[in-house]
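**Student:** Listed here are the chains, written in short residue letters.
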Amino acid sequence: MLGSGILKGLAVTAKNFAGSFYDPERMATVQYPEERAPLGEHYRSFPLLVCENAADPLGTLRCVACTICEKECPPQCIYIEKSKDKKPDATGKPQLYPVIFTIDTAVCMGCGICAELCPFDSIKMDKVFEVTATNRFTGLLLERDQLAKSNAYYHSIRPAEAAEVDARLAAERLAAEEKAKAAALAKAAAAAAKAAAAPPTTPPSAA
Amino acid sequence: MSTPAPTAAPQPFPAAGNISDADRENLRRNGVLLTSLEELYNWGRSNSIWPLQFGLACCAIEMIAAATARFDIARFGAEIFRPSPRQADLMIVSGTVTKKMIPQVVRLWNQMPEPKYCIAMGACAISGGPFKQGYNVLKGVDRFIPVDIYIPGCPPRPEALLNGLMQLQKKIRGEHLTGPDAAKHTRADAPSEYAVPTCGAHDIEPTHNPAVWTPPVPLGRLGKG
Amino acid sequence: MESLEQIRDRLLARFPGATITLVPNPGPAAEHTISLDNAHAFEIARFLRDDPALQLDYCSNVTGIDWPEKEIVETKKVSVADPAGGPAKVVEEKTKRIEPGRLEAVYHLYSMALRHGPVIIRLRTGNRSDQVTVPSLTPVWRSCDFQEREIFDLFGIVFEGHPNLRRLLMWGDFKDHPMRKDYVEPDDYEWEPTPHAEVLERAQAHYPSVTPGVSAPAQVEAKP
Amino acid sequence: MSPAAPTQAPAPFGAPSGPTVRTVTDAFHGDLLEVSMGPQHPSTHGVFRMDVTLDGEVIVKLKPVFGYLHRNHEKIAENTSYLASMPYTDRLDYLCSMSTNWAYALAVEKLAGQAVPDRAQYLRIILAELTRIVNHACLVGFLFNDLGTSFTPLLYAFREREKIIDLFEALSGSRMMCNYQRFGGCRIDPSPEWLAAASRLVDNFPRFLDEYERMLTGNEILLARTQGVGRLKAANAINAGITGPVLRAAGVNYDLRKVDAYGFYSRFDFRVPLGEHGDTYDRYMMRILEMRESVKILQQAFRDLPTGPIMDPKAKIRGFRPKAGEAYGRLESPKGELGFYLLSDGTPNPYRYRVRPPSLINLTLLEEMCLGHTVADAVVILGSIDIVLGEVDR
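Protein sequence lines correspond, in order, to chains A, B, C and D. Start counting the first sequence at 1; every next residue gets the next number (our numbering). Start counting the second sequence at 1001; every next residue gets the next number (our numbering). Start counting the third sequence at 2001; every next residue gets the next number (our numbering). Start counting the fourth sequence at 3001; every next residue gets the next number (our numbering).
Incorrect hints may have been included.
[What the hints assert, rightly or not] In silico BS3-like pairs for lysine-lysine, Cα to Cα no more than 30 Å straight-line:
hint: 1; chain 1: D; residue 1: 3061; chain 2: A; residue 2: 179
hint: 2; chain 1: A; residue 1: 93; chain 2: A; residue 2: 187
hint: 3; chain 1: A; residue 1: 86; chain 2: A; residue 2: 179
hint: 4; chain 1: D; residue 1: 3316; chain 2: C; residue 2: 2094
hint: 5; chain 1: B; residue 1: 1170; chain 2: A; residue 2: 127
hint: 6; chain 1: D; residue 1: 3296; chain 2: C; residue 2: 2076
hint: 7; chain 1: D; residue 1: 3323; chain 2: A; residue 2: 71
hint: 8; chain 1: C; residue 1: 2181; chain 2: D; residue 2: 3323
hint: 9; chain 1: A; residue 1: 8; chain 2: D; residue 2: 3296
hint: 10; chain 1: D; residue 1: 3061; chain 2: C; residue 2: 2175
hint: 11; chain 1: D; residue 1: 3061; chain 2: D; residue 2: 3233
hint: 12; chain 1: D; residue 1: 3063; chain 2: D; residue 2: 3296
hint: 13; chain 1: A; residue 1: 82; chain 2: D; residue 2: 3316
hint: 14; chain 1: D; residue 1: 3316; chain 2: C; residue 2: 2181
What the hints contain is simulated information worked out from the structure, not anything from laboratory work.
With the sequences and hints as input, model every part of the structure.
**Tutor:** What follows is the structure in structure tokens.
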């Protein structure tokens, strides 16, 4: 019968219309500002800079201004200026730090390559996507202090990844400390050995 | 809701055309319907923004997604995508604007009737985005048409577009029809049409419209080199 | 499918006088190519399509490549007899030669009927300025139509015999060939918030009055 | 079905085909009318433009005009590293970023002679087939938009798309621009929950397809508007380099998943659906049937997915420099043969980077397909070819 195909199709639509009142399968709408679909662990929007201590974000940035992200960023939206001096980082080791660290979110394409390549686990991807501005140059340019986010915040957006990073950094620090300790011990031992092997110009009682 | 200090001496009624925002707010609170027409008008406008059906690139897919069941832009009254610029209030520049395309974009903008608004959606429309190094890519649509809301992202999630739309609604609700800060479309002297660039031998001419855009202020980065 | 050498030998037998050379591909992909001379390319292409053993009926991809003129320094070790009668010395001798620039069109041919391929052929222009003509293979494979137009647009190779050789991607009045290596982009990004070396240089040219290193919106605001 | 004999001479190029252009102008026949459709046109899928010459409502000449989205992808890629081009390939065919990622990774792996672990190969197939489903479902929705339905099939398609896109987002971090493949493997290993969710979705997908088909396939308007419209002959299609579902709708059995058997496709059992008439209806059915075949492939892939690493341990992410040489890698994207031609001179940047865009080359015969039909049909034919402007203009 001519029109039976159309009627069949309309039956599907009618079923869907009725179903949209009770069938959760067919209730697709997320009432956006009030309710939000959860974002996955890996969701990425724009980069952020992780700092160890929220009280002193700029003093405890993990970033050492190595400029790998600046070079590798595909759309070239990162600008870094290295410091001339060194400042102690969270572990007390003197490091370079970025004097200027700017990300132009008007250009950033959120590919995550900077976070993937950062050897210091400093630059990570944020999950904030509701950004609007009325001026491209003042509203969308993120400076260093706007980018710096605490490690706790990083944990809150990506628990699994942050825990992994923390464990790795802790292990690295431990290894570095042990290495330093071992080096100190070896140095002491060497000094002692040297002292022992030194010609006995000093009386043995001094050793 | 308590109104502040109702016992104070009655304020003199301000002269016509000389009503400040505070006065207007005060009058509104006291139930004077003088300003309600403007508000009613803005309320109606902000809840029936008809966008131009105008997809440029990747972001257009997210714009379509924003119109589908899950995000449902119809909840904000903006689901009627008009294929003709003559019937549209809002231009969502969704995607990369190339130099070959910009004359058409400006022409479409000129054909839209006032009041009209522009949302630059996505990195490409704002600044050229990832493609800003391209020889045929315009480094930001704001070089030729005035942009009201910028939504970064590549592409922005549909929720981000909805958020941008809400910002635009807020902006529309705050517009005035009279007075020194009246909205652009109420002023006869404000430009509504902009010069259309031409495609020249090596580049578009001119490279930007000085009436809309001036080269930005460098933030003192010129020392590194 | 026959090997590339066999194909070349058959082509040489069929088209005496044609210059057909194998271009080896040193990479792991080992997709070697045949370079054809422009005089015979069209006939050879038709032969490749219609030959029953090859039946390369499908031209998948046409690529333009720009090889600008480049200076090649070759180092050769030459033994020089010592005039004083001592043992001969080995001296490195450097010769410079200039390899002329050229443009190249590369065609990837497959057979849909026999499901083999690719046979890759290359056509070369004489130079990059006035001898930029190669024969068009669009009459043989219609799929070259848009791709050859694109190469004409972006590289400036003129395909002789193309039925509709106009710019494909850029507008008609555009004069340059932007995919060439020496193409200079129009200067239209004066300043960016995240300037890199090249952009910074341009920015310095655009804003000579701004004192370097000073965070100075005020400096520019003072300007009209 | 055997492929059409290629020795069948294709119509000589430039020869008049379709109705001859009428020269008589009288009181009943006005002048020919030239109309520029696009670049802003609700039905040209982006910023595509067709300059059509009309005799009444019948098309007598049609010239496609490109370049309104020419974003210089190739030039940018030649000025940047191999890795940095990966996110740009997402933006080529922005509906199928996973396939484009894979095509680029495939070409680079061929160029550098790199191996890919088994698990990554399976993951790539899973993601590519999910992408094919997304693309075809959306395409059918867009095609019906072009036929004049106001949005309804597209709403159904996007409802399903959102589910798959959510999977992509959960895995790769972005809805559309996945940037997931790397040279020598994949970036993130999916969790067992992800795989279970994906497998569940795939198992449920035929139900959606049945519903979709019940709604659309028998529709008399569809039949009247598509059957016999925009016919494409097999010999012409081969000669014009048309690939993908458009070619197979014309009855040519050429699917790179079978021909090249790249990845691990040789391990999978699936059919290549073929059309008979090469008209718009066949092209529509081809998409529906391919989705069903993709579901089959996906079920096998979820069943057989091995454990193991997802990256080749020898793969280098930073400072990747393939040896000098060239390679052309191609695969069957949802649109057709997507190829990447790479020429390396041993530096970190490719010397020549070229995309063989199926969408562009499938448009070669648009004029022949549209001649003699009305403007409304041209819109439908264009919709059935399935173009994405990001790939057409690059």
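**Student:** Verify the proposed pairing of residue 2181 (chain C) with residue 3323 (chain D), using a straight-line Cα cut of 30 Å.
**Tutor:** It holds: about 21 Å lies between the C-alpha atoms, which stays within 30 Å.
**Student:** Are the Cα atoms of residue 86 (chain A) and residue 179 (chain A) separated by 30 Å or less?
**Tutor:** holds, 22 Å
**Student:** Under the criterion that the straight-line Cα-Cα distance not exceed 30 Å, is the pair residue 8 (chain A), residue 3296 (chain D) satisfied?
**Tutor:** Holds, at about 27 Å.
**Student:** Take a quick look at whether residue 3316 (chain D) and residue 2181 (chain C) sit within 30 Å of each other, Cα to Cα.
**Tutor:** Status holds; Cα separation ~28 Å.
**Student:** Given the proposed pairing of residue 3063 (chain D) with residue 3296 (chain D), does the C-alpha separation stay at or below 30 Å?
**Tutor:** Cα-Cα ~40 Å, so violated.
**Student:** Between residue 82 (chain A) and residue 3316 (chain D), is the straight-line Cα distance small enough, at 30 Å or below?
**Tutor:** This hinted pair holds, its Cα atoms lying about 27 Å apart.
**Student:** Is the Cα-Cα distance between residue 1170 (chain B) and residue 127 (chain A) 30 Å or less?
**Tutor:** holds, 24 Å
**Student:** Does residue 71 (chain A) sit within 30 Å of residue 3323 (chain D), going by the straight-line distance between their CA atoms?
**Tutor:** holds, 22 Å
**Student:** Sort out whether residue 187 (chain A) lies within 30 Å of residue 93 (chain A), counting only the CA atoms.
**Tutor:** Holds, at roughly 20 Å.
**Student:** Would you check the hint for residue 3296 (chain D) and residue 2076 (chain C), treating anything up to 30 Å between C-alpha atoms as holding?
**Tutor:** violated, 62 Å
**Student:** Residue 3061 (chain D) and residue 179 (chain A) were given as a pair; does the straight-line alpha-carbon distance stay at or below 30 Å?
**Tutor:** The given pair, whose Cα atoms are some 78 Å apart, is violated under the 30 Å limit.
**Student:** Can the restraint linking residue 3316 (chain D) and residue 2094 (chain C) be considered satisfied, given a maximum Cα separation of 30 Å?
**Tutor:** violated, 36 Å
Checked against the numbered hints given earlier, the structure breaks hints 1, 4, 6 and 12 and satisfies all the rest.
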